[in-house]
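Engineer: Respectively, the protein sequence lines represent chains A and B. The first sequence maps to residues 0 to 214 in numbering that gives the first Met the number 0. The second sequence maps to residues 0 to 95 in numbering that gives the first Met the number 0.
Everything labelled a hint here was simulated from the structure, so no lab data went into it. For each residue, glycine too, the CB sits at the ideal point set by N, CA and C. A portion of the hints provided could be inaccurate.
Calculated from the model, a selection of chain B residues having no Cβ within reach of chain A, i.e. all distances over 10 Å [what the hints assert, rightly or not]:
#1 K8
#2 L44
#3 K60
To be clear about the criterion: a stretch of chain B counts as covered by chain A if any three or more of its residues have a C-beta under 8 Å from a C-beta of chain A, and this derived list gives those stretches [said to hold, decoys possible]:
#4 20-29
#5 32-42
#6 73-79
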Amino acid sequence: MKNNQPENDLGLIKDLMEKSTKFSNLSGIAVFFTGILAMIGASFVYFDIGFSVSELDISYAQLINQNGEPEDLFLKLKLLILIASLILISSIVIMYLTALKKSGKEGIPLFNSSFSRTLKSLFIPLFAGGIFCLLLINNHMYGLVAPATLIFYGLGLVSSSKFSYNELEFLGYFELLLGFIASFYIGSGLLFWIIGFGICHIFFGLLIHFKYDKK
Amino acid sequence: MEGYGLLNKAFDSRVRLGLMSILSVNEWVSYKEIKNLLELTDGNLASHIHALEKINFIEIKKQFIGKKPLTTYRVTNIGKNAFKEHISGLEKLINN
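Between the sequences and the hints, there should be enough to build the whole structure, so can you do that?
Structural biologist: This is the structure we're talking about:
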């Protein structure tokens, strides 16, 4: 028996315990596409693509500063919430379907304990953040909504990283940082949102894809 | 070297050691899942599973999900204790 055998064995045990309890069915390509989706959606709202031609001529900055007729502002707000909800729902559906496919391929049931722990640790901060954002909207503090989504999303990522990819932790810290910076630039919050939910997901998706999926 | 006394011969093979590592931190785990985690081929794993089952370290559950058969495995209390002892043996060997 070689002298380093016990160390090798303990290393193997630790690796397998960690690998078998972490949720790793996230598809990198799916994350990449949700990033693209977020960028398209947010750009539509921020740059008024498609809306400027309508009679409803309210820009994002106008909404934040509440500079306009209340009904027009309310319409713009509804559009914004509609687009954001569409992005969120389609992103979740894309992630779920690809995770299901990936788990089938690897013979690992999707609904195991690591999956439910990941979901729980991600969605508790997200739900709290969602309710908080609705309260912000209710109080007409629209400018803080985009930074708040980034901050709560960052918290969710950091807590879920313990049960899933380690890289989620760094993504979480970055989203937190973005959220706080965005709080200083109210009115440009959506630009930070495009970075945090768009560009970050595109890079993160590619990282996961090339580091784990392509093996 | 008192650590050697705690080591279990059943875990001499790295496949069996890996198998126990996975089962000790999970509930029922499927054959395919174990195979993928250990990066093994079919025949290789089956014999090791059989060996551990024979000494009552793991138990097997066979069921049907729809029309597909599904075999899952779980570590028994005997297996859990033996594995714990083996790990403490390994740790003692390193510390000595």
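Engineer: Each of the hints needs a verdict: does it hold here or not?
Structural biologist: Each hint, compared with the structure:
{"no.": "1", "hint": "K8", "result": "holds (12 Å)"}
{"no.": "2", "hint": "L44", "result": "holds (12 Å)"}
{"no.": "3", "hint": "K60", "result": "holds (14 Å)"}
{"no.": "4", "hint": "20-29", "result": "holds (count 8)"}
{"no.": "5", "hint": "32-42", "result": "holds (count 5)"}
{"no.": "6", "hint": "73-79", "result": "violated (count 0)"}
Checked against the numbered hints listed earlier, the structure breaks hint 6 alone; every other hint is satisfied.
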